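Asks: From just these sequences and the hints, can you work out the full model?
Quick note, the sequences are listed as chains D and L, same order. Heads up: the first sequence at position 208 corresponds to 208 in this note's numbering, and the numbers run straight through without jumps. Heads up: the second sequence at position 298 corresponds to 611 in this note's numbering, and the numbers run straight through without jumps.
It is worth saying that the hints were derived from the structure and are not from the lab. Check each hint, because a few of them may be wrong.
Stated by the list, open to error - Partial selection, computed: residues in chain L whose CB lies under 8 Å from chain D: (1) 445; (2) 448; (3) 457; (4) 463; (5) 466; (6) 471; (7) 474; (8) 475; (9) 477; (10) 501; (11) 525; (12) 527; (13) 530; (14) 564; (15) 567.
Unchecked claim - Only some residues are given here: those of chain D computed to face chain L with a beta carbon under 7 Å: (16) 39; (17) 40; (18) 50; (19) 54; (20) 62; (21) 64; (22) 86.
Bear in mind that the values here come from a model prediction, so they are computed numbers and not experimental data. Beta carbons are placed, not taken as given, at the ideal position from N, Cα and C, and that holds for glycine.
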Amino acid sequence: MRNAFLKELFELAEKDDRIVLIVGDLGFGVVTPFMEKLPRQFLNAGVAEQNMTGMAAGMALSGKIAFTYSIANFPTMRCLEHIRNDVCYHNANVKIVTVGGGFAYGAMGATHHAIEDLAVMRALPGMMVVAPGDPIEARAATRAITEYPGPCYLRLGKAGEPVVHQTEIYFELGKAIPMREGRDVTLICTGGILQTAVRTAQCLASGGIETRLLSMPTLKPLDIEAVLAAAQETRAILTLEEHSILGGLGSAVAEVLAEADIPKVPFKRIGVPPGFSPYIGSQEYMQERHGLTPEAIAKTVERILEIVPARAL
Amino acid sequence: MSRPMSSQELGGNVLHLSRNKEKKESDTVDQTATSDLRELAKRIRQHCVRMTGKANASHIGSALSAADIMAALYGRALRYDPKCPDWPERDRFIMSKGHACTALYATLAESGFFPVAALETFYQNGSPLAGHVMHKDNPGVELSTGSLGHGLPVALGMAISAKRDGRASRVFCLLSDGECDEGSVWESALFAPQHNLDNLIVIVDYNGIQSLGMVNEVIDLHPLGEKWRAFRWSVREVDGHDMAALEEALTQTPYEAGRPSCIIARTIKGKGVSYMENKLLWHYRAPMGEDLTKALAELGQSK
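Replies: So this is what it looks like as structure tokens:
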């Protein structure tokens, strides 16, 4: 996803000199083409995220489309109030981009586990929140947020994730991307755990459970229509994210369901329990320890469906 | 040394820069030459005292401390057009010490950005004139501030954009001394010289009193000028109430080509109202009743 983002941004920036990329002293090797070919649209802010964010706001208020770029929690939480006051309150055209969403840097330790970022960014006024599921979505999201004139948060995984979308996608900010149709259960996922969601659906299908799978790259604004349709057309809804179950996709969907004027639908958030992870390790290891494998998720789905009577549709 | 540019140099438009007068080609300090600025500063102080008193608001000491700086900025140094607040070539002013907002609102009103009568609404329900600097619905305000340490990073971004876009705009940013406790100030202080931002000017309102005590007793900033010099800024230290000195310092930037400028303005908190001067109490208390009458009398205005 990182490479897809940088490639797309470079192509956009070649055609639009309002685009500036500001990195927080990170991106060794991968930001070099941008730095060398578009030096007047590039800045290394050094290890100073507050200045990086305020500076991006100042540039945006001078007509630029300013991207800040760093890893894990650095460009979000380290400089949170600068995002709130300088970027959001002024509706400055700043795009905050992180690499390492979830446990992409799992072995690096708790400081590098980005598992509350979506909750924090979602709470900010006027902030669009986008977490693409694979390199295809990452490229489309990069184009879309560049065109959108306002604050955005783009949460990427790392490099080398599999391409999940095998066909052309229609990407629109605020819209779910249907991946698979099914009437038993709806699985809504966001971010780089998309591949796991696809495998979960395959796993469930082998046991006779048909899953509606929605990739939800935009967390805010949420595709309320897609959530409500799922609540009325399938027997249960589960959300899946490599993020705390507090405040992210699960919470966003729960808020919609709780306030909707429709019969209650069985619902469960699958993600990381609130709190620091006691583990460190590869992304695969971390997912396994936190029950984020297709097999574990499928079991949870089955348990939920066991207590739900088949709905007359 | 730079000099204020004529409107023709700024793009050929005949701009309404009523209060921007060309600096006199003279090295002698001529007190009459700054009489208009001293008049403006007096009016700003009167507004600040009246607004704060009427609103029962805080921070009058901080506003009075900065009043002379504001007069010198908007009366001489800054290039702006109140009829066209978004003029791209304008100089930007960021009041990072957002709690001194009355000084900015009063200065903008006196400079023609909005009617002086609007100052009456300060701090009132539904007014755009909030108790910290707010940009919404306030022409001429570049940035909302109120949390310290935010103004300089944004000012820096504006300065870089001006450089890269080939605009002559300069960016002035007013910091409080207590604000220099914030780490973000020093992130920007490190960064600006790296990019040769000689169109960026910091003014520190060094009145020596912060929110809960004397600056030298809370976190002593001394030697503040040396700190900025060590961060590779060109520094001048001036009496922040000497109008001729302020005018000179604010209109002669950059002091060195390729370096940002820092003006350490030695000021007196509450300057101009005898009973407020150098008193921490007037960071908080509002001048009301007898206090207000006395303050306005000292500032040459009846209530």
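Asks: Would you pick out the hints that fail for this structure and give their numbers low to high?
Replies: Those not satisfied are hints 1, 11, 12, 13, 14, 15 and 16.
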